[in-house]
Amino acid sequence: MSELSKLKISEARDALKKGEVTSVELTQACLSEIEKADALGAFVHKTPDVAMDMAKAADANKAGGDLNGIPLGIKDLFCTKGVASQAASGILEGFKPEYESTVTTQLFADGAVMLGKLNMDEFAMGSSNETSVYGNAVNPWKRGNDAAQLTPGGSSGGSASAVAADLCLGATGTDTGGSIRQPAAFTGITGIKPTYGRVSRWGVVAFASSLDQAGPMTKDVRDSAIMLKAMSGHDPKDSTSADLAVPDFEAALTGDIRGKTIGIPKEYRMDGMPEEISKLWDDGTTMLKDAGATIKDISLPHTQYALPAYYVIAPAEASSNLARYDGVRFGHRAKLEAGDGITEMYEKTRAEGFGNEVKRRVMIGTYVLSAGFYDAYYNRARKVRALIKRDFENVFADGVDAILTPATPSSAFELGAMKDADPVQMYLNDVFTVTTNLAGLPGIAVPAGLDKNGLPLGLQLIGRPWEEGDLLNTAYALEQSLQFVAKPNRWW
Amino acid sequence: MSIDIETARRVAKLARIAVPESELPELANEFSAILGFIEQLNEVDVDGIEPMTSVTPQRLKRRDDVVNDGGQQDAVLKNAPDAREGFFAVPKVVE
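Sequence lines, in order, name chains A and B. Remember, my numbering sits 3 above the position in the first sequence when you count from 1. At position 64 of the second sequence the residue is numbered 48 (my numbering), and the sequence of numbers has no breaks.
Next comes chain A alone, as it looks inside the complex:
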């Protein structure tokens, strides 16, 4: 029975269509795995009753889409009607939305089954899932026989852990600076952040609105293509949602990349890059070349300014977005002393409800937007962002179809290892991923190999805007060459 949760979405879909398995069986298998996996801290709100009802409905519905009957995990950042949606924050304690996010509405309309809500960094601010009010999510991978618990990455750490440990067939994630791709790389799974505007942000708790995009986290590229199609599409409720047709991404997976040009950006070869990551990147380059692609050395000269620009823009938008958590309309309100007025209510509520990283970013954002600093910080960062985007436009205009880079500067690190580090050290995790958020481009992380400690490492492909189909196909070709099949040894 437990084998069923190990299925890929495509395999389960085909088995369901042939009548070899039912959604109820698949869902029960996942629920039973979830019950045994509390040590991973992945599922933070379990919804077995909802799941079984949805599974029965899927089994009765012969007309569902590709995801009909497929059990998924949903990141806690997505509002799900009547089910706790806290963005892993204390300030949304007890919040049960009266509405359903567009992404989950579309997934459920396709027939997908929700198993529960997944752990994450608070308000998606973090790279290790250690800022969650629920406690850490844990990586199913370990360094050989070392007992140390490792981070699954962040912010979509629960999603990554759940998919890698076969607690579900796929999961939703969101990515503001790398929050799908870094955890995917740390756990040996696939995750794609689509072009900004491809997936509706409506009903997804906002962090930095000009950077946030949702996407799938899955066991392989085909599953990402299937899930992304169901998540994508124009939504009048999100004014930045693109009014473009959604192609059949799965149909784009031919594996034929002959004649494509792959760019290798020299700025991503950082000083002190571990030898293993450098070699993996070279191997991936050779594989794409062997598959018939042309390799081209390129330059993206403003790369080093991406993280500092991000750490102005993202906190600025967060300080504005998170102003709504004031103890009035939803979530936590602090207990007040006699004589406390509305200002004390705001200040105490936000001090109690937000964790330290969120407070830090809200205050940095407040500072860079404050009178006298707006031009020096915020507007300058937005101009640097335009230059970063132009770097990409230039290489695409020179005929580059996709760009290959490492996904992360290291493999998964130990939970707690960054506890005393300067916050900037944690931010460096996103050095390879954050550029695509700033430029709005699609990026996909594909598991590529294991390091000397037996931990997964990923490669990233960055594509042209709106060409997720082409990007997924290049990733598919790379996946076929890499043949990554390793799985974590079960300890939970």
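FYI, nobody ran anything at the bench for these hints, they're computed from the structure. Positions of the beta carbon are idealized from the N, C-alpha and C atoms, including for glycine. Be a bit skeptical, because a hint or two may be false.
[As the list claims (entries may be wrong)] Mimicking DMTMM-like on lysine to aspartate or glutamate, the simulated pairs with C-alpha atoms at most 25 Å apart in a straight line are:
1. Lys62/B x Asp52/A
2. Lys269/A x Asp29/B
3. Lys269/A x Asp52/A
4. Lys62/B x Asp329/A
5. Lys76/B x Asp274/A
6. Lys351/A x Asp53/B
7. Lys45/B x Glu103/A
8. Lys99/A x Asp29/B
9. Lys84/A x Asp53/B
10. Lys(-3)/B x Asp274/A
11. Lys(-3)/B x Asp62/A
12. Lys62/B x Glu103/A
13. Lys455/A x Asp274/A
14. Lys422/A x Glu10/B
15. Lys351/A x Asp(-12)/B
16. Lys422/A x Asp(-12)/B
17. Lys351/A x Glu5/B
18. Lys99/A x Glu69/B
19. Lys76/B x Asp343/A
20. Lys62/B x Glu355/A
21. Lys62/B x Glu96/A
22. Lys99/A x Asp53/B
23. Lys338/A x Glu5/B
24. Lys62/B x Asp473/A
25. Lys422/A x Glu5/B
26. Lys392/A x Asp29/B
27. Lys45/B x Asp285/A
28. Lys76/B x Glu340/A
[What the hints assert, rightly or not] Restraint-style ranges between C-beta atoms, simulated for each label pair:
29. Val53/A x Gln56/B: 18 to 24 Å
30. Ala151/A x Val51/B: 39 to 45 Å
31. Gln42/B x Tyr102/A: 21 to 27 Å
Given the coordinates of chain A, assemble chain B onto it according to the supplied hints.
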């Protein structure tokens, strides 16, 4: 750029987050580290560059200015920490 305790106190106040006096020095240090990192942006020549607004040029969509939703008072108030008689209740604002 180094942030002093007075600036940290002012930013906390602007952000409406209560920070105990004893935690302000540490907060000021963290701000200084992050802003030091951000300072790198001053190296970039941004003369004549327009701030980025969207991935592909598109006008923000407009919709007809008509009522298309409403009548959901109960749903709107459902998650309020304190709702009374159809309103959100807060401490006294006006003296």
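The hints, checked one at a time:
no. : hint                           : in the structure
1   : Lys62/B x Asp52/A              : 23 Å, holds
2   : Lys269/A x Asp29/B             : 21 Å, holds
3   : Lys269/A x Asp52/A             : 51 Å, violated
4   : Lys62/B x Asp329/A             : 16 Å, holds
5   : Lys76/B x Asp274/A             : 58 Å, violated
6   : Lys351/A x Asp53/B             : 34 Å, violated
7   : Lys45/B x Glu103/A             : 22 Å, holds
8   : Lys99/A x Asp29/B              : 47 Å, violated
9   : Lys84/A x Asp53/B              : 18 Å, holds
10  : Lys(-3)/B x Asp274/A           : 40 Å, violated
11  : Lys(-3)/B x Asp62/A            : 55 Å, violated
12  : Lys62/B x Glu103/A             : 15 Å, holds
13  : Lys455/A x Asp274/A            : 20 Å, holds
14  : Lys422/A x Glu10/B             : 15 Å, holds
15  : Lys351/A x Asp(-12)/B          : 23 Å, holds
16  : Lys422/A x Asp(-12)/B          : 24 Å, holds
17  : Lys351/A x Glu5/B              : 14 Å, holds
18  : Lys99/A x Glu69/B              : 21 Å, holds
19  : Lys76/B x Asp343/A             : 9 Å, holds
20  : Lys62/B x Glu355/A             : 22 Å, holds
21  : Lys62/B x Glu96/A              : 14 Å, holds
22  : Lys99/A x Asp53/B              : 20 Å, holds
23  : Lys338/A x Glu5/B              : 20 Å, holds
24  : Lys62/B x Asp473/A             : 45 Å, violated
25  : Lys422/A x Glu5/B              : 23 Å, holds
26  : Lys392/A x Asp29/B             : 15 Å, holds
27  : Lys45/B x Asp285/A             : 44 Å, violated
28  : Lys76/B x Glu340/A             : 13 Å, holds
29  : Val53/A x Gln56/B: 18 to 24 Å  : 23 Å, holds
30  : Ala151/A x Val51/B: 39 to 45 Å : 58 Å, violated
31  : Gln42/B x Tyr102/A: 21 to 27 Å : 26 Å, holds
In terms of the numbered hints stated before, the structure departs from hints 3, 5, 6, 8, 10, 11, 24, 27, 30, listed from lowest to highest.
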